[in-house]
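There are 2 protein chains.
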Amino acid sequence: MHSFKALSAQFEEQFSKRQFPDHPANLYDPAQYILGIGGKRIRPVLCLLGNELFDEIQPDAFHAANAIELFHNFTLIHDDIMDKAPLRRGMPTVHTKYSDSAAILAGDVMLIHSYEYLNRIAGKYRTKIINVFNKAAREVCEGQQLDMDMEQTQPERVKYEDYVNMIALKTSVLLAASLQMGAITGGGSDGNQKHLYEFGKNVGIAFQIQDDYLDAFGDPKKFGKKQGGDILINKKTFLLLKALELCNPAQRQHLHQLMETNPDNKVDEVLQVFHDCRVDEWAEKEKERFSEIAYGHLEAIAVLSHRKEALKEVADFLLTRQH
Amino acid sequence: MHSFKALSAQFEEQFSKRQFPDHPANLYDPAQYILGIGGKRIRPVLCLLGNELFDEIQPDAFHAANAIELFHNFTLIHDDIMDKAPLRRGMPTVHTKYSDSAAILAGDVMLIHSYEYLNRIAGKYRTKIINVFNKAAREVCEGQQLDMDMEQTQPERVKYEDYVNMIALKTSVLLAASLQMGAITGGGSDGNQKHLYEFGKNVGIAFQIQDDYLDAFGDPKKFGKKQGGDILINKKTFLLLKALELCNPAQRQHLHQLMETNPDNKVDEVLQVFHDCRVDEWAEKEKERFSEIAYGHLEAIAVLSHRKEALKEVADFLLTRQH
Chain A
20 MHSFKALSAQ
30 FEEQFSKRQF
40 PDHPANLYDP
50 AQYILGIGGK
60 RIRPVLCLLG
70 NELFDEIQPD
80 AFHAANAIEL
90 FHNFTLIHDD
100 IMDKAPLRRG
110 MPTVHTKYSD
120 SAAILAGDVM
130 LIHSYEYLNR
140 IAGKYRTKII
150 NVFNKAAREV
160 CEGQQLDMDM
170 EQTQPERVKY
180 EDYVNMIALK
190 TSVLLAASLQ
200 MGAITGGGSD
210 GNQKHLYEFG
220 KNVGIAFQIQ
230 DDYLDAFGDP
240 KKFGKKQGGD
250 ILINKKTFLL
260 LKALELCNPA
270 QRQHLHQLME
280 TNPDNKVDEV
290 LQVFHDCRVD
300 EWAEKEKERF
310 SEIAYGHLEA
320 IAVLSHRKEA
330 LKEVADFLLT
340 RQH
Chain B
20 MHSFKALSAQ
30 FEEQFSKRQF
40 PDHPANLYDP
50 AQYILGIGGK
60 RIRPVLCLLG
70 NELFDEIQPD
80 AFHAANAIEL
90 FHNFTLIHDD
100 IMDKAPLRRG
110 MPTVHTKYSD
120 SAAILAGDVM
130 LIHSYEYLNR
140 IAGKYRTKII
150 NVFNKAAREV
160 CEGQQLDMDM
170 EQTQPERVKY
180 EDYVNMIALK
190 TSVLLAASLQ
200 MGAITGGGSD
210 GNQKHLYEFG
220 KNVGIAFQIQ
230 DDYLDAFGDP
240 KKFGKKQGGD
250 ILINKKTFLL
260 LKALELCNPA
270 QRQHLHQLME
280 TNPDNKVDEV
290 LQVFHDCRVD
300 EWAEKEKERF
310 SEIAYGHLEA
320 IAVLSHRKEA
330 LKEVADFLLT
340 RQH
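Note that the protein sequences, when read in sequence, are chains A and B.
The end of the first sequence is residue 342 by this note's numbering, with every number in the run present.
The end of the second sequence is residue 342 by this note's numbering, with every number in the run present.
Simulated from the structure, these hints should not be mistaken for laboratory data.
It is possible that part of the hints are untrue.
Identical copies carry no separate label here, and so any pair may be met within one copy or between two of them.
As the list claims (entries may be wrong) - Calculated cross-link-like contacts (lysine-lysine; reagent style DSSO-like; alpha-carbon spacing at most 27 Å):
1) Lys143 with Lys154
2) Lys154 with Lys255
3) Lys116 with Lys103
4) Lys143 with Lys59
5) Lys59 with Lys255
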């Protein structure tokens, strides 16, 4: 049994070698660039942890883990184009550093490369693993589209459950699928796979609520993003949607005015409304609610509890960070 | 043994059903849209023909054929964004009709969907088929990047063999891989697969030379594109590259002037230079050269010659069209 840190080092050792040929450089350098600017490799390590919950880590788990990390970075590149994001992990995004076309194509080739890893899976579980991967991959695209759709919708018209569903698709199903793919290589039963999937999915939702919270209320130095970045661009977040539901008519009008006029003190003013209608407290509770669902599923997995410790530690780490 | 037309109908019957869920409509409608605006389905039918060269068509060949057609349409969507193309098959391109973001994401989900088909391949050949698919998929991306790189290069500095290589990657390897994937499901030997692949690759190059020729010299009504579309945008084509090599200094200077100043009579003037330095005749011969290599490989495949008839007809059709 290994810790997250130990598996992270194992993963990185084999993943950090150059993944792509040298030529054509304008295709593969952008792909290698995003892999080189870091990230916590949470998803591939979840895959390894999912395997080790049931059995020793199989070589196939590394193939799956590599595919997952490549897929994740592919989505980052394409999402950053769509979101016109200038920075990723504190560095220029791929389309900013290179071009939109280079970023589209680098993403494409990374997605193909992830399937090259999946096709190396030797064991009897390959079909199942690729099915789980494909379902998650498709759902991530659906989540990104629903996110863009919601950006075009008046915030009051976005239903809370639709928003949770969008977040789950966009960010959580890949965490869930990573765990499940590992569980498959580890020989976990269908029932245990399902619990592990739900554990990951609910951790993901809780994490996103926390992420929204930290964007608004976190320490920008620790968080690595501008404070209130979501507020500045009127991004629909758990906080904004719930604030519009909880606040009184005067507060609602004030929020709308701030979103329309973008005054210099916009972030401070919006945060004041969030405080006044206690959406910060609500977010803490909502995060707790999804966390409890997650831990319940982890509990329900039929393996000795000491095998679950590393996964519990990861979840604790993800859900208690202050930055 | 079936004709191209008969297999085309068989393919279309099962492929023309809606490929995607209804929701989210903004994700799946653009993907369905491009499938609905036609195309000759050459690649998937080549896959079926490749199978039937050796044996009765297997269900796996249809899975592979569907994956190929989805992949091809994915590349069209993304290429059209990069090329800022307004029209495809006489209809608005996906990014024009919807948006760049919708087009990026629709392409992504189509690529994933193609792997869903590949994962349904039941037979023992799946690993090999996916390897062939992945190699071609990656090479198509490389070809697109090399094409964009060459657009940024002075035409005199583009080496002819590099240009042929780019064209082969961008357009021919998928034709070749389609045939090979079919040959695999049909149980063709490695040697026969290789000949079939080379047949497809060389037909593809010959076809592209013809395509460049027709863009310049074809009848625009029959060809379905503006005459001289490539000339108007200074696109590097077989004709332009060779013309710059064959022409005298005065003609070269004239060509450069036309490309820089874009006068109203640009197309006619450039065509006159092409005629004067006989690049039209050269193109016919060069097409013939690649055609002969292709037919040589078809000849070398160790099956009874009557089994090759349908493939020969397709090649004849592709390489003798006047529009």
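Evaluated hints:
1. Lys143 with Lys154: Classified as both; 19 Å inside a copy, 23 Å across copies.
2. Lys154 with Lys255: within (26 Å within a copy, 41 Å between copies)
3. Lys116 with Lys103: both (12 Å within a copy, 20 Å between copies)
4. Lys143 with Lys59: neither (30 Å within a copy, 38 Å between copies)
5. Lys59 with Lys255: Close inside one copy (25 Å), not across copies (43 Å); limit 27 Å.
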